[in-house]
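Asks: So the chains spell out like this:
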Amino acid sequence: MKLKPNEKIDLLEVLKDLERYRPRRKGWTWRKQVENQAIGPFVYRDSSESLANSIPLPAAHYFGDIDPQSSCVITTEIASGRFEDDIRRMRMAAWHGADHIMVIRTTGQSHIDGLIEGTPEGVGGIPVTRKQLRASRKALDAIEDEVGRPINFHSYVSGLAGPEMAVLFVEEGVNGCHQDPQYNVLYRDINMHRSFVDAAEAKHILAGGGILQLDGAHNANATAKEAWKVTPELFVQHAVNCAYSQAAGMPEGLIALSTVPPTAPPAPKLRLDLPYAIALRELFAGFRFRAQQNTRYMETDTLETTVSHVLDTLVSRLTSADIQSTITPDEGRNIPWHYNNIAGVNTARQTLMGLDGLDELLALKQEGPLRETVRELKERAVLFLEEILELGGYYAAVAAGMFVDQGYFPERKGDGIARDPEGGDRAGSVVPREPGYGAPVCSHFGNNCYPEKSCQTYGGCTLCNPDRIRYIDDLDPEDNVNKRLERPLAERAEGILRPEVEKHGDGVVCLSLFVPESPAVAEAAALEMALHMGLKAPEVISRRVLHPAEGSLFEIKGIFDLPIRAGLLTLAPQSELLDQAAIEAWVRPRKIAIVAATLGEDEHTVGLHEILDIKHGGIERYGFLIHDLGSSVPVERLLDAAERFGAKAVLVSTIVTHNDVHKVHMKRLHQLAQERGLRDRLLLVAGGAHVTGELAKACGLDTGFGRGTRGWDVASYLVKEWQSRASGVISRQG
Amino acid sequence: MKCPERTDDFEERSHHLRGLSDDELHERFWALTRRILEPLLEEARTYTTPSIERSVLLRMGLSSLEAKALVDRFQERGLLGRGAGRLVLELAQRKGISLNEAATALLNGEGWEELPS
Numbered sequence: 000m001k002l003k004p005n006e007k008i009d010l011l012e013v014l015k016d017l018e019r020y021r022p023r024r025k026g027w028t029w030r031k032q033v034e035n036q037a038i039g040p041f042v043y044r045d046s047s048e049s050l051a052n053s054i055p056l057p058a059a060h061y062f063g064d065i066d067p068q069s070s071c072v073i074t075t076e077i078a079s080g081r082f083e084d085d086i087r088r089m090r091m092a093a094w095h096g097a098d099h100i101m102v103i104r105t106t107g108q109s110h111i112d113g114l115i116e117g118t119p120e121g122v123g124g125i126p127v128t129r130k131q132l133r134a135s136r137k138a139l140d141a142i143e144d145e146v147g148r149p150i151n152f153h154s155y156v157s158g159l160a161g162p163e164m165a166v167l168f169v170e171e172g173v174n175g176c177h178q179d180p181q182y183n184v185l186y187r188d189i190n191m192h193r194s195f196v197d198a199a200e201a202k203h204i205l206a207g208g209g210i211l212q213l214d215g216a217h218n219a220n221a222t223a224k225e226a227w228k229v230t231p232e233l234f235v236q237h238a239v240n241c242a243y244s245q246a247a248g249m250p251e252g253l254i255a256l257s258t259v260p261p262t263a264p265p266a267p268k269l270r271l272d273l274p275y276a277i278a279l280r281e282l283f284a285g286f287r288f289r290a291q292q293n294t295r296y297m298e299t300d301t302l303e304t305t306v307s308h309v310l311d312t313l314v315s316r317l318t319s320a321d322i323q324s325t326i327t328p329d330e331g332r333n334i335p336w337h338y339n340n341i342a343g344v345n346t347a348r349q350t351l352m353g354l355d356g357l358d359e360l361l362a363l364k365q366e367g368p369l370r371e372t373v374r375e376l377k378e379r380a381v382l383f384l385e386e387i388l389e390l391g392g393y394y395a396a397v398a399a400g401m402f403v404d405q406g407y408f409p410e411r412k413g414d415g416i417a418r419d420p421e422g423g424d425r426a427g428s429v430v431p432r433e434p435g436y437g438a439p440v441c442s443h444f445g446n447n448c449y450p451e452k453s454c455q456t457y458g459g460c461t462l463c464n465p466d467r468i469r470y471i472d473d474l475d476p477e478d479n480v481n482k483r484l485e486r487p488l489a490e491r492a493e494g495i496l497r498p499e500v501e502k503h504g505d506g507v508v509c510l511s512l513f514v515p516e517s518p519a520v521a522e523a524a525a526l527e528m529a530l531h532m533g534l535k536a537p538e539v540i541s542r543r544v545l546h547p548a549e550g551s552l553f554e555i556k557g558i559f560d561l562p563i564r565a566g567l568l569t570l571a572p573q574s575e576l577l578d579q580a581a582i583e584a585w586v587r588p589r590k591i592a593i594v595a596a597t598l599g600e601d602e603h604t605v606g607l608h609e610i611l612d613i614k615h616g617g618i619e620r621y622g623f624l625i626h627d628l629g630s631s632v633p634v635e636r637l638l639d640a641a642e643r644f645g646a647k648a649v650l651v652s653t654i655v656t657h658n659d660v661h662k663v664h665m666k667r668l669h670q671l672a673q674e675r676g677l678r679d680r681l682l683l684v685a686g687g688a689h690v691t692g693e694l695a696k697a698c699g700l701d702t703g704f705g706r707g708t709r710g711w712d713v714a715s716y717l718v719k720e721w722q723s724r725a726s727g728v729i730s731r732q733g
Numbered sequence: 000m001k002c003p004e005r006t007d008d009f010e011e012r013s014h015h016l017r018g019l020s021d022d023e024l025h026e027r028f029w030a031l032t033r034r035i036l037e038p039l040l041e042e043a044r045t046y047t048t049p050s051i052e053r054s055v056l057l058r059m060g061l062s063s064l065e066a067k068a069l070v071d072r073f074q075e076r077g078l079l080g081r082g083a084g085r086l087v088l089e090l091a092q093r094k095g096i097s098l099n100e101a102a103t104a105l106l107n108g109e110g111w112e113e114l115p116s
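So the protein lines, in turn, are chains D and Z.
Counting in numbering that gives the first Met the number 0, the first sequence runs from 0 upward without gaps.
Counting in numbering that gives the first Met the number 0, the second sequence runs from 0 upward without gaps.
Calculated from the structure, these hints are not laboratory results.
Positions of the beta carbon are idealized from the N, C-alpha and C atoms, including for glycine.
Hints should not be assumed to be uniformly reliable.
What the hints assert, rightly or not - DEER-style ranges, computed between Cβ atoms: (1) K535/D to E109/Z: 58 to 64 angstroms; (2) G18/Z to K412/D: 29 to 35 angstroms; (3) R491/D to G77/Z: 40 to 46 angstroms.
Sequences are here, hints too, so could you generate the full structure?
Replies: Pasting the structure below:
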């Protein structure tokens, strides 16, 4: 399956022949680091190989559209409930630099004791099934070919059915996963014997498949009221999972700590978060670090969240991160919308590239409060471990409520999560292995009467011989992907378009409204306004009081329920712009003079300055010799100057007036230039908020530019025009 | 037993750690962790679960539906401790049939008396 950048991914093609699909590789892939990499005008210290196809950061166009890639893998978490929509989001995220795609599972899958099959729809995530994994992995194969970098596909092996999930993940080429028995025990109340016995088998299987594992310690940050106070315990949770994983056969290079800077401003974030991050990296040297961004203190303001996440990423760069994970800035207000996945990824890559080479500039102080706090945190963690043993071991400690207590250990608030070792989901489901116990398969942990590779006696287990895997297609005739795709594919074939944020054609849009009233009145008014704009079911998703009496800002989501037909749209003609460096290379040596002014009785010079001034990114920077005559300049004086300076172009700015004075001026400019015999050697270009190319041409000028025009657009037009005239192609009409 | 409330007694409680170098503190951290995990790992080596047994049958080429049904039956009859995979493999070998045929037979109520003890 091959993707073309200008075509949508073909979902039917993705779903075709899945029963025969085999993953092209197994296990995790890191980015390929490049030392001192020259990209555009810069040399990067902490970068990796560039992509074949991508969308650079917005400011990149000032630097030749470069798109340097950071040294860290970048994660985005995707959770729409429909994998067929997630696939499109994955492709967009990959084009923005994500190479770790984490697929959230549907609510409640942790408690399903077994595997699910087919493609049922999920809530807040997808039901992870073989078919969905296969389809997603197959699409990601094509997406990674398109962007030119391997993409790691990730989901969850926690909950019940961990060993089966682990087998499924290895078989289907999933590259990363969460696996942490403590997550089951503390947050899912799954029986702890069951969780730890299952975990050893699951981890052993994952290790055999080279799958990178993340732990679940970050959940304690997200649960505790004062998240920075659970830090002593977090060392313990990380250690329990890391050491247990190693004992189950996982190499430390595949074991990643999932760690979150615990606070957010207005807390003194770096002072609290940095010592913790350093202590963690010292105690767990050799393991991998997956730096997650803070969710604990997220509110509905996406800008506030973004700033916190920039600071989280700064902590990553001040310490280390193998994976920089991202949280969508809207997670505090809804299930993430697809463009917010892109926003989150961009926050990370923008910050990481901006902090490139930070090590060369800064060293952390090894004397004073930072070092003292690092030491204190480690000692508090050791005391925690000592108390677990004093209480009689891990199970007894959990039973006593030692974990997720809000106190700063050894302080205790007595509000920890207590679980009964003999209780919880599937209590009593652990069975002793009898003396002759056997499991004739590879990647099996613990007592076994069969040696490794004993599967060769029957032609190989599925880990050795994928042809043995039993693929099951959809079981539910209603709840499946083909049913769900009927409407979207029919609409797409008809060229029907609707806005969307999550699922195909959901119609959801978001409005920003400032209303100059007290909060309650303003909110009621904002909703009323949204209704009048034709939005169905409007709902305030963010409110920000700017002043109790002067007004509030609201973001409102609602449904725009009107299909638009693509075939009936009038498209603005697209002009292909010349490369900026090419424009400058052509212009500068030719010393081309240009005369510019606002025409007639027009005092508005702002727009013209945007086009001309080097400060505003105007055409001056390409090396034009600009003669700006100012405002309200008569046509005669403009042409006098053009003659005097030997100009090759005249740029005029004009505002559209109700009595068409602007047209009179433009026509006069063309006619007078003709009368003076200057017309053929001058390009006459008009600009202004309501000017169009058609309007200017109708008045005899060469072209016109309207609102939103940049210096680049004008320069590109001028150079193209001169180049085509030089080659004998005259495009100007009469 | 519930952990009672306690004020932060870090200063007194951590007295014995003060003389340790950073490396010694790290060693202590990991040694304590390993001691805590030892009984959990011993349990994992010597016990099994329905999910582990289903994962074995999956690896032997059974579908998830078959693995689930068969492990449920083994569990009902108290046979899980022998290993679901071993039971299926030995039945297949004894009767000279494939693993999938052995699993299907068991699901059809056949061959149970021939299972290894």
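Asks: Run every hint past the structure and note whether it holds.
Replies: Comparing the hints with the structure gives:
1. Our hint of 58 to 64 angstroms for K535/D and E109/Z holds, since their Cβ atoms are close to 60 angstroms apart.
2. Against the hinted window of 29 to 35 angstroms, the Cβ-Cβ separation of G18/Z and K412/D comes to about 30 angstroms, which satisfies the hint.
3. Remark: the range hint 40 to 46 angstroms for R491/D to G77/Z is contradicted by a beta-carbon distance near 56 angstroms.
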